[in-house]
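Novice: Build the full structure now, drawing on both the sequences and the hints.
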Amino acid sequence: MTSLRNAVVLVTGANGGLGLEFVDQALARGAKRVYATARTPRKWDDERVVPLALDVTDEASVKAAAAAAADTTVVVNNAGVSGRQSLLTAPLADVRALYETNVLGALAVAQAFAPALAANGGGALVDIHSALSWLAKSGAYSSSKAALWQITNSLRLELAGQGTQVLGAHLGYTDTPMTKALTVDKEDPRDIVAAIYDGLAAGAHEVLADKTSREIKENLSGPLEALYPELAATV
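For the sequence shown, our numbering gives the first residue as 3, with consecutive numbering after it.
Not one of these hints is a red herring.
Mimicking EDC-like on lysine to aspartate or glutamate, the simulated pairs with C-alpha atoms at most 16 Å apart in a straight line are: (1) K213 with D190; (2) K34 with D73; (3) K34 with E49; (4) K213 with D193; (5) K34 with D48; (6) K139 with E232; (7) K219 with E208; (8) K34 with D47; (9) K139 with E227; (10) K45 with D26.
Just so you know, these hints were derived from the structure itself, not from any lab.
Specialist: Structure follows, in structure tokens:
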């Protein structure tokens with residue numbers, strides 16, 4: 003179980019819709035400091051928020067952030083990019099760039115901050131996945147989230163010895179700038195972040211933050227046609 007009261011929280015991708023909620027709700031739950039990181043940090047009105055430059059795809063930037071925020075006790079790996087171009091036509095350079103952020107960037111942050119978490123009593127690592135970790139869509143996004151999901155599962159085992167709680171969070175479409183162009187039902191970011199932080203406080207290993215993620219996981223043990231009805235027409 004990890005309480006946010008008096009915690010020092012670092013949020014990657016803090017300028018985005020979920021990132022803003024992770025910062026605000028950490029403060030509301032009693033965090034004494036929040037490092038709000040982004041490639042180009044924004045200004046914050048609360049003196050408890052420390053803007054910090056961090057490009058998760060740049061090894062030097064990740065190391066510098068870890069040195070500057072060595073008192074961190076909770077890391078929220080939230081930075082991510084979307085990509086819906088067909089895998090058959092997408093330039094491989096674009097696919098690699100998406101994986102650099104969503105997979106290798108998240109892993110780089112975990113590697114860099116693991117020693118700080120250990121030194122500060124264990125703390126917690128929160129990785130933001132997606133319901134699309136378990137449901138493929140066109141493009142590389144869902145496969146990148148599936149890769150991060152398995153990385154989180156491995157990190158949970160590797161970090162257990164130092165007392166670090168590793169929480170993987172899954173969620174469906176949420177009303178953020180990343181999904182602005184999508185005409186689908188969307189969850190409220192406030193509800194999603196609240197569910198994730200509640201899970202952290204309860205000592206959870208995994209949070210299914212909405213109905214969509216719960217329904218998709220329930221269908222994983224069934225036939226592929228349950229997840230992909232379009233396949234039924236090909237049989």
